[in-house]
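Q: Spelled out, the chains give:
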Amino acid sequence: MTIAPVAIDCASFVESMARLKKLLVANRGEIALRIIRSARLFGLKTVAVYSAADAKSAHVGAADEAIAIGAAEASKSYLNIAAIIAAAEQSGADAIHPGYGFLSERPEFAQAAADGQIVFVGPRPDVMAALGDKVAARRIAIAAGVPVVPGIETAEISSARDFAAQVGYPILIKAAAGGGGRGMRVVAEASQLENALEAAAREAAAAFGDGRIFIEKYLAHPRHIEIQILGDEHGNLVALGERDCSIQRRHQKIIEESPAPGLSSAMRAKMIDAALKLARAAHYTNAGTAEFLVEGDNFYFLEVNARLQVEHPVTEMRFGCDLVCEQLRIASGGEVSEPAAPRGVAIECRINAEDPEHDFRPATGSVLHLSVPGGPGVRFDSHMTRGSEVTPWYDGLLGKLICYGANREEARVRLVNALGELSLLGVTNNAAYLRDIIASEQFRDAKLSTHFIDEFFSGWKIGKHEIDAAILAAVIAASEDAAPQAISNRRSPWDGLNNFELWGSRR
Amino acid sequence: MKLTRAGDSHEIDVELISRDGTTIQVRVGDREIAAKYTPNADGGGILTIDGRRYPIFGARRKDSILVSVGPASFEFKPAEAALRRRARGLAATTITAPMPGKVLKVLVRDGDLVEAGQALVVIEAMKMETTLAAESAAMVKHVRVEEGQTVDHGAVLIELSPPPAS
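Chains S and L, in that order, are what the protein sequence lines are. Taking the numbering used here, the leading residue of the first sequence gets 4, the next gets one more, and so forth. Taking the numbering used here, the leading residue of the second sequence gets -3, the next gets one more, and so forth.
The set of hints was computed from the structure by calculation and includes no laboratory data. Predicted model, so just to flag it, every value in this text is computed and none were measured. One or more hints might be untrue.
[Said to hold, decoys possible] Simulated pairs of lysine-lysine, DSS-like, Cα-Cα distance not exceeding 27 Å:
#, chain 1, residue 1, chain 2, residue 2
1, S, Lys25, S, Lys48
2, S, Lys79, L, Lys58
3, S, Lys280, L, Lys(-2)
4, S, Lys59, L, Lys137
5, L, Lys101, S, Lys467
6, S, Lys464, S, Lys450
7, L, Lys(-2), L, Lys73
8, L, Lys(-2), S, Lys467
9, S, Lys24, S, Lys48
10, L, Lys98, S, Lys79
11, S, Lys464, L, Lys32
12, L, Lys137, S, Lys464
13, L, Lys137, S, Lys467
14, S, Lys467, L, Lys98
15, L, Lys(-2), L, Lys32
16, L, Lys73, L, Lys98
17, S, Lys59, S, Lys79
18, L, Lys73, L, Lys32
19, S, Lys59, S, Lys24
[Stated by the list, open to error] Computed list of chain S residues with no C-beta within reach of chain L, every gap over 10 Å:
#, residue
20, Gly73
21, Glu111
22, Ala272
23, Ile275
24, Glu360
25, Asp362
26, Leu427
27, Thr431
28, Arg438
29, Glu469
30, Ala477
31, Val478
[As the list claims (entries may be wrong)] For each label pair, taking beta carbons as the anchor points, the in silico distance ranges come out as:
#, chain 1, residue 1, chain 2, residue 2, range
32, S, Gly462, L, Glu120, 19 to 25 Å
33, L, Gly144, S, Ala272, 42 to 48 Å
34, L, Thr92, S, Gly462, 24 to 30 Å
35, S, Asn301, L, Lys(-2), 56 to 62 Å
36, L, Glu28, S, His224, 18 to 24 Å
37, L, Ile13, S, Glu413, 43 to 49 Å
38, S, Asn239, L, Asp148, 25 to 31 Å
39, S, Gly462, L, Thr89, 29 to 35 Å
40, L, Thr89, S, His361, 18 to 24 Å
Every residue gets a Cβ at the ideal spot worked out from N, C-alpha and C, and that includes glycine.
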């Protein structure tokens, strides 16, 4: 008797509208892998694209087919609209998912897809363009009755001076085309204002090709809280709660959690209402995030990220949903429905290739060993495997570790334990730094603000006990090398030490 | 043997005093540390010091020993490699771009004398600012870039020469 495997026909049981058959993923790294997994569940064939530096990268092998799109430089590959559209046409892909970063918020990319009769998994290009312009987005928010940080759209010195006198220093100058912490400058006192205005406009013109700036009151101790929204082409809009992303280093988020600790349900309801109003006013479709700064009982609209966020898994773990599948459903003409009630707490941290003891300088190298944490409520979104190369060409996100718990303390302790199980040899990274932050009483007590790192973790060093252990490990490594016969039956990372004349008098 | 941690000039004097089965005795500076080391099937092992258990892995890359202790990663350089460099009087004769990016700030000028660890250039790539610093005392021979310039991976940003003998 033979047992035949049952063919799994995802397309027949998933609500795929049959409008989409093949998805090109215009990204790399963990997010490309993550999107490919959901696309497969949704019943789609997948196409990976890759640069010359990524030919052996995990997303390439995970997809049903893979197409080389250019040289290692992002501008020649992952930012190369023509090459990606050509790859979609060549492979017969009828949809493109942009992931985050790279081209994900470039209206001209969404437009190029539309021009090629390819469905873009994201908002319409005109919506993206309006929200991508900070001044225009701010106007949409004001018109929709959403609170914004007090500010003024000017580069003119006398009105800037009047505004600053009214709200008090410090003030913040921002580039209209900036975002995510880029193109911002804090002005501490009146004497610096004139120079700062000129420099900001000049920098904005150089960095973004758009010299428009605006001025805002500087919030001294805000939290960063954002609302996840989903909108479909039938006018349905839903919110999937909030994420607190206050723990940032140089405006880059490193730890995110949901729900936001201590956020009252009244305040949450107000913020969700504001995010939905804003999304409705902007005719927003697909997944997006409205970011707010929160100080005391006030919240202020910051910007809309018109794409999937890096930190979306914390929302997925609480709501038991798959946001990429939701995106694909929306893109194929389906409807979003009111989400189930969220449960528990999820916390994510970003493991980056960087050296936290040396000014977070980016690290590169190949992964010589990887131990991955596991257990209930533990999710590791990563494209790393033993042998993976981390190159200097792209951002250094090695993976995201996300833990769920019935309450915040359970999620937090689980994440500390999971970080303790992680070992990534070969690429210097911030995992121990993250572990120490998440294990700290300041994080336990949720003393969250965007200054958390500056206040509590500015001069972080690895603990003395671990340095001792590391020194002993180095000595053991050297002595194993001196007696290779003892381990000759093994293929292991220690093998790399063979013939390494640590003890010898090398010339 | 003498080890230094990458990015740190402090030398650590270490000596394997004994290794008998799983028991090892190591001198670190003027301290003696007793530990137990049991290899695992995965190529690493468990190191136990004072009742604390650490999963460790190690490997060599070029003239470095790479070690992980749980989630913490370390790079050590045997002192010989450091000595070889010191013999030349300079940790490096050029400061190169570790990644393609844009020069945000140039903090020194031709002829400046700089100390080890002094910031020289700030470059930006993929939303990250990176400060490049002198690894040893040096004189700035030639600044080859200006602020705002885009540079490729490996591009020479600054040339250094040995500091004048004092």
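Q: Does S:Glu111 clear chain L by more than 10 Å, comparing its Cβ with all Cβ atoms of that chain?
A: Its Cβ never comes within 10 Å of chain L, the nearest being 20 Å, so this holds.
Q: Given the hinted pair L:Lys98 and S:Lys79, is their Cα-Cα distance within 27 Å?
A: 16 Å, holds
Q: Is 56 to 62 Å a correct range for the gap between the Cβ atoms of S:Asn301 and L:Lys(-2)?
A: 57 Å, holds
Q: Starting from S:Lys79, check that the Cα of L:Lys58 is at most 27 Å away, please.
A: Judged against 27 Å, a Cα distance of about 31 Å means the pair is violated.
Q: Checking the smallest CB distance to chain L, is S:Thr431 really beyond 10 Å?
A: 5 Å, violated
Q: Regarding the pair L:Lys(-2) and L:Lys32, is the alpha-carbon distance no greater than 27 Å?
A: Roughly 22 Å separates the two Cα atoms, so the pair holds.
Q: Confirm or reject the statement that S:Ala272 sits farther than 10 Å, beta carbon to beta carbon, from all of chain L.
A: 33 Å, holds
Q: Has the given pair, L:Lys137 with S:Lys467, been kept, meaning a C-alpha gap of at most 27 Å?
A: 39 Å, violated
Q: Tell me if the straight-line CA distance from S:Lys464 to S:Lys450 falls inside 27 Å.
A: 21 Å, holds
Q: If you draw a straight line from the CA of S:Lys59 to the CA of S:Lys24, is it 27 Å or shorter?
A: Answer holds: S:Lys59 to S:Lys24 is near 26 Å, not above 27 Å.
Q: Is the nearest CB of chain L more than 10 Å from the CB of S:Ile275?
A: 28 Å, holds
Q: Between S:Lys59 and L:Lys137, is the straight-line Cα distance small enough, at 27 Å or below?
A: 40 Å, violated
Of the hints listed earlier, those the structure fails to meet are numbers 2, 3, 4, 5, 12, 13, 14, 16, 24, 25, 26, 27, 28, 29, 30, 31, 36 and 38, in rising order.
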